[in-house]
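Starting from the given sequences, assemble the full structure and let the hints guide the process.
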Amino acid sequence: MTPPTTLFHALLRPSILQILRATGYHGARSAVLDILTDLAARYLWELCHMTAVYASHNGLDPETGAPTIVDVRMALQHVGALLPERPEPEQEYNGVEDTRGVEEFVRWFESRESAEIRRVALDGIEEATNYLDALKQKHGRADDDSKYMGTLLGKSIEHGDVQVEGGDVPSIQEWAERRRAATEKKVAPAINGDGYVDGEPGSRPSSSGLSSLGDRTIDNDMSDFA
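Using the numbering used here, the letters of the sequence shown map in sequence onto residues 1367 to 1592.
Incorrect hints may appear among the rest.
Said to hold, decoys possible - Here are the in silico distance ranges between beta carbons for each label pair:
1. V1419 / T1371: 20 to 26 Å
2. D1427 / D1464: 35 to 41 Å
3. T1389 / E1463: 30 to 36 Å
4. T1430 / P1455: 44 to 50 Å
5. L1498 / T1430: 30 to 36 Å
6. L1405 / E1463: 19 to 25 Å
7. L1405 / D1464: 25 to 31 Å
8. S1381 / V1419: 38 to 44 Å
9. L1498 / E1456: 51 to 57 Å
10. A1394 / V1462: 16 to 22 Å
Hint data in this document are derived by calculation from the structure and do not stem from the laboratory.
In this text, a Cβ means the ideal position worked out from N, Cα and C, and glycines have one as well.
Below you can see the structure in the form of structure tokens.
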């Protein structure tokens, strides 16, 4: 079984690759990618750890028992994601809360860089509802789903009767029934008193061993032994 650390590292690699591609890097050595992935993992771990620390100091949400937005904000300030605030006495003296860090954080998510990262992550599709719809829009030239009929991406096909091209038989089933009926109608030909098959004058029935004597007599046959 793959160790959890290796598994999480492998799951984080695609996100780092997408960020590098969005910032203009279209290639990187494997060692460089591993270092960047490890730094990102350590940063996220520190953020989660500090959120838990501040939540334990400030007290969890009494209703949900989870960290609050205040705990997350303080953890973001601790790891440097938010600009440090002015001292609280200064904010009280000025009568204005220092929200520069939060505003800058929100502004980054609305920036072109963040939009480019999201675009690369969606493989160029802005409004993809899920993976299957994104795959269909990527490979399909039109909105017609007929090319996906009978596949996992489309609707199932209701199989109808197979039509036979040519002739007066519309289907294979009817052709089989006609062949079966024609076989059942065939009977052995009857031989009349003249030795001919009914309906076929001049034809001779199959001969037996005695009929091979022809016009020869018994005396002629006995003379052969004299």
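* Asked: Is the distance from the Cβ of V1419 to the Cβ of T1371 consistent with 20 to 26 Å?
  -> 22 Å, holds
* **Cβ separation of L1405 and D1464, checked against the hinted range 25 to 31 Å** => 29 Å, holds
* Honestly, do L1498 and T1430 meet the 30 to 36 Å range at C-beta? -> Holds: the Cβ-Cβ distance is about 33 Å, inside 30 to 36 Å.
* Is the gap between the beta carbons of A1394 and V1462 within 16 to 22 Å? -> For V1462 against A1394, whose Cβ atoms are near 44 Å apart, the range 16 to 22 Å is violated.
* At the C-beta level, are T1389 and E1463 separated by a distance inside 30 to 36 Å? -> 33 Å, holds
* Asked: Is it true that S1381 and V1419 lie within 38 to 44 Å of each other by Cβ?
  -> 25 Å, violated
* How does the Cβ-Cβ distance of D1427 and D1464 compare with 35 to 41 Å: does it lie in that range? -> At 24 Å between Cβs, range violated.
* Cβ separation of L1498 and E1456, checked against the hinted range 51 to 57 Å -> Given range 51 to 57 Å: holds, Cβ gap about 54 Å.
* Does 44 to 50 Å hold as the CB distance between T1430 and P1455, or does it fail? -> 32 Å, violated
* **Assessment of proposed distance window 19 to 25 Å (beta carbons of L1405, E1463)** => 32 Å, violated
Hints 2, 4, 6, 8, 10 from the list above are not met by this structure, while the remaining hints are.
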